[in-house]
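Starting from the known structure of chain A, arrange chain B on it as the hints suggest.
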Amino acid sequence: MSFDPATVAAFVDGELDDLTARRVEREAESDAALAAEITRHRALKAQLAAHYAPVAAEAVPDRLRALLAGDAVDTSLADRREAKLRRFAPMHWGAIAASLIFGLTIGMQPWRPAADVTSANGTLAASGALAEALDTQLASNQPQGGAVRIGLSFRDRAGRYCRSFEGRTLSGIGCRNAGGWSLERTMTGQAGSDYRQASSGALATDVAALMAGDPFDAEAERTARDRGWAD
Amino acid sequence: MRFEEELVELLPRLRRFARGLARDASDADDLCQAAIERALKSQDQWQPGTRLDSWMYRITRNIWIDERRAAGRRGVHAPIDDAVTQVVGEGAAEVEAGALRGDVDGAMARLPDEQREVVMLVLVEGYAYREAAEILEVPIGTITSRLARGRETLMHWLGEAA
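Residue numbers (this note's numbering), protein chains in the order written: chain A, 1 to 231; chain B, 1 to 162.
A portion of the hints provided could be inaccurate.
Derived list of chain A stretches under chain B, where covered just means 3 residues or more per stretch with a C-beta under 8 Å from a C-beta of chain B [as the list claims (entries may be wrong)]:
#1 36-49
#2 57-68
So these bits of chain B aren't anywhere near chain A, every CB distance computed over 10 Å [said to hold, decoys possible]:
#3 Gly20
#4 Asp29
#5 Arg73
#6 Glu114
#7 Met120
#8 Val122
#9 Ala148
The following label-pair restraints were derived from C-beta to C-beta distances [said to hold, decoys possible]:
#10 Ser30/A - Glu152/B: 52 to 62 Å
#11 Arg222/A - Ser26/B: 46 to 56 Å
#12 Glu152/B - Arg22/A: 18 to 28 Å
#13 Ala97/B - Ser140/A: 42 to 52 Å
#14 Glu114/B - Arg222/A: 48 to 58 Å
#15 Thr136/A - Gly49/B: 40 to 50 Å
#16 Thr20/A - Gln47/B: 30 to 40 Å
The hints are simulated quantities; they were obtained by calculation from the structure and are not laboratory data.
We put the beta carbon where it would ideally sit given N, CA and C, even for glycine.
The following block holds chain A by itself, in its conformation from the complex (with noise of 0.2 Å):
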């Protein structure tokens, strides 16, 4: 592996600069040593995004609101208490959705529209727009101004069907199984971001990681579209 750990690292963060960055994605395409690190480093930030980021989605206690609304606010021990008991507030699910976005798109508006991810079991899906377009948008032929672009389809190596894609908040790699796109990257969009990432690369990367075989040309992804992206 010809780079050193603290630039994969560098690159995972978007920390290169670009010619850097170019540089690592090209010799990661033939490099499996360093194409599996970059995998290693990734999944374990989609890990700790994906735990932390029901917390940014839970309720906050009134007691913290309180202290920004200008209301007086009671901090005896005894409230503090209840307020502690009732720190599991019932979660709201569109929320939970919108902080999955955010969680994974920080440092980006977290007001921006972002029903296009839910997580269940655990694992992140496709919903909404992004899961319409995975399902029906064909690279070949993307709609003007879409807010999705479809990048590369192509079978993993468990034969599933996956398809790469890129947005404005949110750009990855979605994989087709039973309930519908899972997906597997996910990494932060093409909008608004003030440090540099070089997200294309990065996610052309992931697409070589997981890929078996080819991607699928225009007519092989047609086909696969029209058969519901199922064998």
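Coordinates of chain B only, in the frame set by chain A:
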């Protein structure tokens, strides 16, 4: 937007950051509360036009680290659940690869404080190295070396397949 309103918008993220530092949910909210109170008191030290989030993260982190140091001096150690203690024995270095698979809380709780805060800022909160360095008021090289150690340790404990 009013200072208070901007702070309210930050709260969900701030609670997440605090949860990563303090682990226990109610301790984390106590930490947030202390941070908000301090921010309101020192509101005039925040310069409008600069990033409120970085400022709040710094306040939160400083309160947390002060508490940790005070607790350390008193000989109080953060409680660690029994299952993890059994796995770990005396030293975190003895945790076998993958032994904490899926237990992100347990793994984070075992990281040294200075690694845990960097992991939260960069890998969870998504700050650039430079921004994390500003929040923690350390050089960027310190960020990258702490991050590298924290990352390797987490990957080792949580298992490679994450």
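Consistency of the hints with the structure:
Look at the segment 36-49 of chain A against chain B: 9 of its residues bring a Cβ nearer than 8 Å to a Cβ of that chain, three or more, so the hint holds. Three residues within the 8 Å Cβ limit are the bar, and the segment 57-68 of chain A against chain B gives 9, so the coverage statement holds. The beta carbon of Gly20/B is not kept farther than 10 Å from every beta carbon of chain A, the shortest such distance being approximately 6 Å. Its beta-carbon lying about 6 Å from the closest one in chain A, Asp29/B breaks the requirement of being farther than 10 Å from that chain.
Distance to chain A confirms Arg73/B as a non-interface residue, since its nearest Cβ pair spans about 25 Å, more than 10 Å. Non-interface status of Glu114/B relative to chain A is upheld: no Cβ of that chain comes within 10 Å, the nearest being about 17 Å off. At the 10 Å boundary, the C-beta of Met120/B falls inside the reach of chain A, the nearest C-beta of that chain being 8 Å off. With a closest Cβ-Cβ approach of about 6 Å to chain A, Val122/B is found to fall inside the 10 Å limit, against its non-interface label.
Look at Ala148/B: its CB is around 6 Å from the nearest CB on chain A, not clear of 10 Å, so calling it non-interface is violated. Against the hinted window of 52 to 62 Å, the Cβ-Cβ separation of Ser30/A and Glu152/B comes to about 25 Å, which falls outside the hint. For the pair Arg222/A and Ser26/B, the beta carbons lie near 55 Å from each other, so the given range of 46 to 56 Å is met. Checking the proposed 18 to 28 Å range against Glu152/B and Arg22/A shows it holds: the Cβ atoms sit about 26 Å from each other.
The supplied range of 42 to 52 Å is met by Ala97/B and Ser140/A, whose beta-carbon atoms lie about 45 Å from each other. Range check, Glu114/B to Arg222/A: Cβ separation about 54 Å, and the 48 to 58 Å hint holds. Restraint check, Thr136/A to Gly49/B: a C-beta distance of roughly 45 Å satisfies the suggested window 40 to 50 Å. Between Thr20/A and Gln47/B the CB atoms are about 34 Å apart, so this pair conforms to the stated range of 30 to 40 Å.
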